[in-house]
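Number of protein chains: 2
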Amino acid sequence: MRRVLALSACVALLALPAMADPLPSWNDTDSKARIIAFVDAVTDPTGDDFVPTADRIAVFDNDGTLWAEQPVYFQLLYAIDRLGDADPSTLTTPALQAAAAGDMSGVMAEGEEGILEVIHATHSGMTVDAFQADVAAWAETATNPATGMAYTDMTYQPMVELLRYLRDEGFVTYIVSGGGVHFIRALAEDAYGIPPRQVIGSLLASEYQVTEDGPQIVKLPEVAFIDDKEGKPVAIDRIIGARPILAGGNSDGDFAMLEWTTAGDGPRMGLLVHHTDGDRAFAYDRDSHIGRLERGLDEGPERGWVIVDMAQDWSRIWTGTPE
Amino acid sequence: MRRVLALSACVALLALPAMADPLPSWNDTDSKARIIAFVDAVTDPTGDDFVPTADRIAVFDNDGTLWAEQPVYFQLLYAIDRLGDADPSTLTTPALQAAAAGDMSGVMAEGEEGILEVIHATHSGMTVDAFQADVAAWAETATNPATGMAYTDMTYQPMVELLRYLRDEGFVTYIVSGGGVHFIRALAEDAYGIPPRQVIGSLLASEYQVTEDGPQIVKLPEVAFIDDKEGKPVAIDRIIGARPILAGGNSDGDFAMLEWTTAGDGPRMGLLVHHTDGDRAFAYDRDSHIGRLERGLDEGPERGWVIVDMAQDWSRIWTGTPE
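Protein sequences appear in the order of chains A and B. With the first sequence counted from 1, adding 2 to any position gets you our numbering. With the second sequence counted from 1, adding 2 to any position gets you our numbering.
Accuracy of the hints is not assured; some may be wrong.
Any copy, or any two copies together, can satisfy a pair, since identical chains are not distinguished.
As the list claims (entries may be wrong) - Straight-line alpha carbon distances no greater than 20 Å define the calculated SDA-like cross-link-like pairs of lysine to any residue that follow: (1) K231 - V212; (2) K231 - V74; (3) K231 - L93; (4) K231 - T129; (5) K231 - P217; (6) K231 - A265; (7) K231 - D300; (8) K231 - Y210; (9) K231 - T213; (10) K231 - E209; (11) K231 - M312; (12) K231 - V220; (13) K231 - I309; (14) K231 - R294.
Don't read these hints as lab results, they were simulated from the structure.
Assemble the whole structure, with the sequences as input and the hints as a guide.
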């Protein structure tokens, strides 16, 4: 009987979450050690760097940080898929025609205005509920043209583990993305365990309408807020109302968010995902049109930010299985 | 020994929160019974109306709903107090001069533009941190001209109890106010137990600046969003991303928020605080410039909303003690 009890105690100990590796898809490199040391420090109630749970706020960019952003932002690929099914008579501009033909470089050639035409044509004129239901339905069957994988399989397993680890340690985890808030919310709870109210993103204007189906929020073809670059700390202040203690990103669009986060008092962590892995994923940084990372690479190390080397630091890339 | 144990068990039972009246400052009227019946229904896991905690979202207007709004919005009284201390050479408009002289009707006579001049002069040109520290410092000593009470003593005790009761029952409680988000955040945690990230309000524009004191968010003299009327459901969708199941307000500025909330599927509650108590507080509704309540009184009862009669339903008004 005594041996059974002792065995039970051992099994119970082994089952304790704290005993398991919280980041199994991270190699045992400096990046992983620094992340764990930071979390240990802010959660140790006897230490000088202890942070109460109310202040354990972590913010993460989405495209290129939590999931991939190649060959182009997934939200744009959604729009292209939807325009491919559109009535041809509605394709009134070169950007819309290029999108409907699946010609991404043709869309990009029309510049920011062309991208906005594509977004407005596919992201407005419906209720928020209808839009989000459509995005969720699209994600169930759509596949990424570069990998053939489902989009929600192209989340980064190491980052999903990091989000879960932080929440297990009393953090609240937010997405702060240049992508559209409604698009991300349609997928973020399943993909990352992040509920709608912890998703911050760019906004189209919207309005309240009392329709035949009752009162609804309807999306309009007009940009209300771009949640990128200096807009990220502005949006965090507007919505969260506090300076996070941890910020993660992958491009210079995240620089201001990391700069503001890590300039606060007490322990802080900035983290940049550096796309170094052309074999298992995609390799790009200073010269990329998407997710360009230059200032972060130049200044991040001296600012004490963790530069995650995907090829070296991650033993596994995707949550799903590549073809 | 057995009697001691039995006594201990009784004491323990009496100490259980569930045994205590969750709303001691509410009289035993229909309003209180309906609130408790609603909360019981949505929290009973065996009932048809059960709502999981993730969806137990409650939103409340602030001015006139959670604290008073007489003789005028407290935020405007803050601005008037601050202009009273301002350099006279900066008082370049009739509205600013009236405000500095404490002449509220003079400010109101200048219309919305005059009020905006007063808000911009006192709410911009500083960092968010500095502004919120100043509001908190003001609230420590300032008194309301109508009652002589401290402003934070003029929160409604029955509503503070309702907020706490809802949180104890697994709700998340939000403020959704026409007032400025930074002003409310400076006080809401102490006054209501509501943290900054659960405060939604009107917004001045703001920008990210790297100052001598490091990166900061600086408030600008420009309105970015008015969180009133149809703006309230729009802001809830933008920030919370879900339709609440309970909404409380006191004026027609809250009508759209209650309409949208109570039109959702499943159990819903709309609640309007009707200012019927001219003896202990202030009595006003249809003809008031502040907190006008007309459509809500006309349509609320048939929509099934709880119309709280302050004189009848509340045994106590203020959290503080009137002079």
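Here is what the structure says about each hint:
Taking the closest pair of Cα atoms, K231 and V212 come within 20 Å of each other only across two copies (13 Å); inside a single copy the shortest separation is 36 Å, beyond that limit. When the C-alpha separation of K231 and V74 is checked against a cutoff of 20 Å, the pair qualifies only within one copy, where the shortest distance is 19 Å, while the shortest distance between copies is 39 Å. Taking identical chains as interchangeable, the C-alpha atoms of K231 and L93 are never at most 20 Å apart, the minima being 32 Å within one chain and 36 Å between chains. Taking the shortest alpha-carbon separations for K231 and T129, only the inter-copy value of 19 Å comes in at or below 20 Å, while the best intra-copy value is 28 Å.
In this homomeric assembly, K231 and P217 come within 20 Å of each other (Cα to Cα) only across copies, at 13 Å, whereas the closest approach inside a single copy is 34 Å. Taking the shortest alpha-carbon separations for K231 and A265, only the intra-copy value of 16 Å comes in at or below 20 Å, while the best inter-copy value is 38 Å. For the identical chains of this complex, K231 and D300 are intra-copy neighbours only, at 17 Å inside a copy versus 48 Å across copies, given an alpha-carbon limit of 20 Å. Taking CA atoms no more than 20 Å apart as the test, K231 paired with Y210 passes between copies only; the shortest distance there is 10 Å, against 29 Å inside one copy.
Taking the closest pair of Cα atoms, K231 and T213 come within 20 Å of each other only across two copies (17 Å); inside a single copy the shortest separation is 37 Å, beyond that limit. For the identical chains of this complex, K231 and E209 are inter-copy neighbours only, at 11 Å across copies versus 26 Å inside a copy, given an alpha-carbon limit of 20 Å. Taking CA atoms no more than 20 Å apart as the test, K231 paired with M312 passes in neither setting, with 23 Å inside one copy and 48 Å between copies. Taking the shortest Cα distances, K231 and V220 sit within 20 Å of each other only across copies (16 Å), while inside one copy they are farther apart (27 Å).
Taking CA atoms no more than 20 Å apart as the test, K231 paired with I309 passes inside one copy only; the shortest distance there is 19 Å, against 46 Å between copies. In this assembly of identical chains, K231 and R294 lie within 20 Å of each other by CA distance solely inside one copy; the values are 12 Å within and 41 Å between copies.
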